[in-house]
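K.L.:
So you can see what is in the structure, the chains are spelled out below.
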Amino acid sequence: MGIEANVPANSLLLSSRAKRGICSSPSSREAADSSSLALLGMTRIFFKRGTQLILLTLVVLTLLGAGDESARVNDLGHRMMCVCGCNQILLECNHVGCAYSERMRSELIAAVDRGDNDDLTLQGFVQKYGTTVMAAPTKTGFNRVAWIMPYLVLVLGLAMVTLIVRAWRSRPLVLPAGAVAAVHGAELEHFRDQARKDTEI
Amino acid sequence: MSQIGSFALLLALALCAYSFLAGLLALVIKGPGAGRLGETARRAGIASFAIVFLAAVVLVVAAFQNDFSIAYIFHHSNRDLPAPYKFATLWSGQEGSLLFWALLLSAYGLVLRLRYKTDVRLFAYASVIIAAVQVFFLLLLNFAANPFGVMQGSLPADGNGLNPLLQYPEMVIHPPMLYLGYVGFTVPFAFALAALIMRYPGEKWIQITRRWTMVTWGFLTCGVFLGAHWAYSVLGWGGYWGWDPVENASLMPWLTGTAFLHSVMMQEKRGMLKTWNMWLIFSTFMLSIFGTFLTRSGVVSSVHAFAQSSIGDWFVAFLAIIFATCLFFYVKNRSHLRTEHKLESLISRESSFLFNNLLLLVACFTVLWGTLFPVLSEWVQGTKVTVGPPFFNRVNVPVALLLLLLTAVGPLLAWRRTSVESLKRNFLWPAIGALLTGVLLVALGMKPWEDVSYFYSLMTIMLSVLVALTVISEFVRGGRVIGRHTGQNLFASMVQLAHRNTRRYGGYIVHFGVIVIMIGFAGSVFNQDKEQEMGFGDKMTIGPYTLVCQSYTQDDNPNYGSEWAVMNVFKGGKQIATLNPERRFYKASQQTSTMVANRSTPQEDLYVVYEGQNLDTGKPIIKVHLNPLVMWIWIGVWIIIAGTVVALIPNAAPVRVPAPARMRAEPVGAGD
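Listed in order, the protein sequences are those of chains A and B. Under the working numbering, the first residue of the first sequence carries the number 103, and numbering increases by one thereafter. Under the working numbering, the first residue of the second sequence carries the number 12, and numbering increases by one thereafter.
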């Protein structure tokens, strides 16, 4: 409801500002009747509108984030671990009488109710419970290596496979001793045709 | 009892040591005595099975007789433990599970040594390698983790009992399946190393080990998914896979084993990837041992790891020896592994296998990396970090999607080269089907632009449809060709088609099972849960279901006391089920455990957990999860098992069809 109420107001604000911007440009055109100035004016208008649109988007996104508190609790609660030693995600810990998960969930809800942003909330938990409370490595310092390595291996692997394929394609055929002599030309094409039929059905 | 068991273990060690040394000597020396010596080594290996079996029987009998003079029985059993779980005591603890490992290894060794006539020399080498692995496990059992250690001081009246989490029917079969998988990879490893050492000519050793590898892979698949089902049914957190180090340990050899099953076809058909396959099977075996090391060394924390102990050092030493041995013989005989053919085209079955292997190995590396990163982080920056589900899901899901795409495209590619026209012709309709599925899902309300998980879910379903349609089209096209020649209906023709090339079509059935599982995984994005204190008559609504608390009941038996709720479930105003979520208190171990009540349908699971009581209000706390499509995962596993069994059936003899024209008698179902 909050979002719905705010969007029209912001739209009005945008349109009135845009109108002012458009009104100012004809006067500029009258003062200097050159195409370059007109272009400059157009650029300014686009820049202003662009800025306004970005600001509006940011406002809407902020309101969206602040509006759905249970979704935030759910998201943040799945980014942290219960620290009782059960190795479970905070919101999934179901240990009867767990000394930690209940308290941690209450603290999480309180932080979201206070309006703390995600970073502040998570930082608070790290300070209180240590770095192991985060369910995945942060993207800072050495922890970045955790995230980079799998992709690096994938890229290196792709490069390696490409090199292997190139090397194989240019490699001369090695035939075992006593093997049948290689065939060429039309005969080879015939065998290839046959093999294709054999394997493709 | 303990003396018989300890003596059996010592005797088994002596027999395996003899089997190893005498077998090795027989392979090295020349002369008439070598054959006789080799035969004694083989027989010693066979005898070791009987002796290890005796040791295992002694431990199980001790559990049934409540012989608490044996420390292992005291720690893992009690008088009121039901019989099936007393049997499961054998693999419930560190020492017993190692004995079980040794038993399975000796059983695999027994089969191998009995079938030695297939290829006497190759089997002799393989037997020696298996004997070496047996020696390691028996050394461990005799000197580091003896299951027959006796209790000090006065005899206790009762045991500590079995961990409540293990008192579940699946735990009686999950560990044996998993171990059959882990241990089974010793056999292809032994054959591969044997072939490398003796510079075995040709690819016959691969044909010999193919069944071993497939059976082992099938067991490991069952073991992994039984573990997932156990976690889902017992742990009560609503999920089946938590990326726990022990789960990861079982996944890694499965991934490399899967890669091997694919790439080995390139060696069989085209004489390519020989070095790669050799190291793939070496890695699979080493990862099996590494998984055991992870579980038992305490190097990473895990919910279901065994107690921390010093046997981790033994495993590190063993892994180092295996690696050094493999590397030595590889360097010595690598010229034997030269590729016989060259790659003719990028659009070919060969290159699809290469990329398939790359993706499987990247997935394996990610799992290994994520599992070990906490240790690395502590070592480098002095602080331990957690690497949990958010990391593994984010990195592995895109890799899995690429694998699904390859699963769809791969079977459509021919060996050597495929024309673009042929690819277009075969791929067009499955691709249109997948796109239509995507459009339909979006029209039905799926919003992939709202969250990346929705996007992944949509992609998973679309690619699964793509794979399903390519598999179906392969069956239908092949079936039609046979039908034209034999006059059979389409279904009978497809059965005959599969029987003519069981490996290929069994593989397609396995692929079909995989996509059914993937669709099950995709459903997890839409999971819901709700927690509420529920007194008599209280209601809770989740999705289309309304749960009404009917009553609470308590019960008691010698093993545990329990309390459970009677919950009536309504849908559309009509009662459709009564569920009984339960919480147990095990007397011997003084631990609680949940028994989830689950109403499973193909559409969704209504998963109800009795979490405990609020001490302030006295009201029980009920947590309900609504998990879509979970049943698909278990159905998919059954399909994979069926596909594996089909792939193990020997091919039917090709039917000679009279050819009306010169080129109409092409063999159907040939090739992989």
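Take these hints with a grain of salt, some might be off.
[What the hints assert, rightly or not] With the Cβ distance kept under 7 angstroms, some of the chain B side facing chain A (calculated, not the full set):
| hint | residue |
| --- | --- |
| 1 | G160 |
| 2 | L176 |
| 3 | L379 |
| 4 | W390 |
| 5 | T394 |
| 6 | F402 |
If you are wondering where the hints come from, they were derived from the structure by calculation, not from laboratory data. Computed from a predicted model, the values in this text were never measured in an experiment. Yeah, the Cβ is synthetic: ideal placement off N, Cα and C, and Gly gets one too.
K.L.:
For which of the previously enumerated hints does the structure constitute a violation, in increasing order of number?
P.N.:
1, 2, 3 and 4
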